[in-house]
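Chain residues, written in single-letter form:
There are 2 protein chains.
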Amino acid sequence: MAYTVKQVSEITGVTKRTLRFYDKIGLLRPAGMTEAGYRLYDDNNLELLQQIMFLRELDFSLKQIKDIVTSSQYDRKQALIRQGELLNRKAERLKALAELAIKTSRSIEGSVNTSMNKKEMFKEFDMSRITEHKNKYAGEVKQRWGNTDAYMESQAKTAAYTEEDWKRIHKFQLSNVEQMARLFKQGVAAESDEVQRLVKEFQQFITDNFYNCTKDILRGLGEMYVADERFKAYFDKYAEGLAVFVSKAIQHYCK
Amino acid sequence: MAYTVKQVSEITGVTKRTLRFYDKIGLLRPAGMTEAGYRLYDDNNLELLQQIMFLRELDFSLKQIKDIVTSSQYDRKQALIRQGELLNRKAERLKALAELAIKTSRSIEGSVNTSMNKKEMFKEFDMSRITEHKNKYAGEVKQRWGNTDAYMESQAKTAAYTEEDWKRIHKFQLSNVEQMARLFKQGVAAESDEVQRLVKEFQQFITDNFYNCTKDILRGLGEMYVADERFKAYFDKYAEGLAVFVSKAIQHYCK
DNA sequence: ATAAAGGGTGACGTAAGGTCAGTGTCAATA
DNA sequence: TATTGACACTGACCTTACGTCACCCTTTAT
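Protein chains in written order, with our numbering: chain A, 3 to 257; chain B, 3 to 257.
Any given hint could turn out to be false.
No distinction is drawn between identical chains; accordingly, a pair holds when it is met within one copy or between any pair of copies.
[What the hints assert, rightly or not] Straight-line distance between alpha carbons at most 25 Å, and here's what the computed SDA-like set of lysine to any residue pairs gives:
#1 18 - 6
#2 105 - 40
#3 187 - 36
#4 65 - 107
#5 125 - 172
#6 202 - 63
#7 8 - 240
#8 65 - 217
#9 125 - 33
#10 125 - 46
#11 18 - 62
Simulated from the structure, these hints should not be mistaken for laboratory data.
Nothing here was measured: the structure is a model prediction, and the numbers come from that model.
My request is simple: use the sequences and hints to build the entire structure.
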């Protein structure tokens, strides 16, 4: 079953522009294209789109949504159940707000001011409880990702690497650490733009060649560089104290 | 009771930046200013802010909110009651979505595809019911505003009209309706250019001689021409069914 | 064969703030 | 009295998630 943009738009209520946008940012890539470059969606696309819409309804940003649904840890069935819970929670918040509105309206006796407590007037608007759970949900996926998953992805990727690839990788790694060492010896701060740029390059490098290196994972690496003697030795070979320096730079970058 | 930005921010959960923004766009002007230019809010400001937050929760745009709360027709108590209803409606939509999520999750049996109907998968996302009511709410205020206001404008204008003016007015009205009747009898469609031109002339005529006849108001007139027996009789005197014809022409024009 | 309907890209616009830089003010403390 | 830290101000630019517009190409129906 292939659907054109228009059809998808009609089935789902999402505008054509939005579909093109989601394609562009890589959130929802159509399953295929015609020769003329027309987008063609399939049933999987529709299922994903439904997921996206649920998550949007819960006010996740598109970026977060992308992280969530592209995680290999992602299990649609489990996700739907969690989403159901969160939607209920949100509904309850709205119910409470509705009650507050009614209650407030009753506290207005004609022109007499039976004024409510000010804080009470805004109590139900508080979103922290929901936000907290949202973060937990977004986190749940990422957390596990960091551990088992990154490793497996890395294994899968590197299995196919040629000698050429490995050369390239070593070359980059060497260049990156040498630049770090140079700046470190020059006394440049770990928080400086130059150093931070190197950290960013490093993160991108890991992502490109091994696994999706999120900030959480990167932070983990940074900690390891000082905690694990082998890594520490590797860095300190270039300059005494470089491990700590790099670790600091990474911590700062991940804030 | 005067509150600083920080205090308001703490009581309501709205950020300082947002408060400044609302001030800038004229949505929530602080009751006073210190000599140094510090904003000072009072209890009325807080009440208004609560209103704003309710309306935001209902996804009204700030512009709409401004229109609503600055309307002369605005009655806070009534508004709170309406808002309570709308919030409940929104909560129910979320409940339905939650159920859909659960239902969808159950339709996934391991890897077996008990696929749901595609349209069903997106049914509950449809916002038209809520949007409709929202428009109604935003409209309600404007409606009354438009009417009473147009009426007063009209009164002011016509008070100064001479007999000469009235003759001119009657003449136009007669000519307009007669042309309508002629085209109608000839079987010309209500959507045709000729008829539409007459409608446009009519709108301009009202605007010039009575009050600013917006499309909204014109639409209202069109509805009245069939709903109100006296108007209906006036038109049907020229030709049986003319009232409906004119009404249709106006509806088409106002799209 | 031609028009209408649908598709494409790219550029620009918008709403509702967030973020940052630079500066002024107030209350309390040293 | 001087200073310091919290709080305030403005203005400029950044961001997200699209809408809108202009302009051009395909597909389908007549």
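Verification of the hints:
In this assembly of identical chains, the alpha carbons of residue 18 and residue 6 lie at most 25 Å apart only when taken from the same copy (10 Å versus 46 Å across copies). Taking the closest pair of Cα atoms, residue 105 and residue 40 never come within 25 Å of each other, the shortest separation being 54 Å inside a single copy and 33 Å across copies. In this assembly of identical chains, the alpha carbons of residue 187 and residue 36 never lie at most 25 Å apart, being 56 Å within a copy and 52 Å across copies at closest. Within a single copy, residue 65 and residue 107 get their C-alpha atoms only as close as 39 Å, which misses the 25 Å cut-off; across copies the closest is 23 Å, which meets it.
For the homomeric pair residue 125 and residue 172, neither the shortest alpha-carbon distance inside one copy (53 Å) nor that between copies (53 Å) is at most 25 Å. In the homo-oligomer, the alpha carbons of residue 202 and residue 63 lie at most 25 Å apart inside one protomer (23 Å), although the nearest pairing across protomers, at 38 Å, exceeds that limit. In this assembly of identical chains, the alpha carbons of residue 8 and residue 240 never lie at most 25 Å apart, being 59 Å within a copy and 47 Å across copies at closest. Proximity of residue 65 to residue 217 under the C-alpha cut-off of 25 Å is restricted to the intra-copy arrangement: shortest distance 14 Å within a copy versus 38 Å between copies.
For the identical chains of this complex, residue 125 and residue 33 are inter-copy neighbours only, at 23 Å across copies versus 46 Å inside a copy, given an alpha-carbon limit of 25 Å. Within a single copy, residue 125 and residue 46 get their C-alpha atoms only as close as 42 Å, which misses the 25 Å cut-off; across copies the closest is 17 Å, which meets it. Proximity of residue 18 and residue 62 under a CA criterion of 25 Å is satisfied in both settings, with 21 Å inside one chain copy and 23 Å between copies.
Hints 2, 3, 5 and 7 from the list above are not met by this structure, while the remaining hints are.
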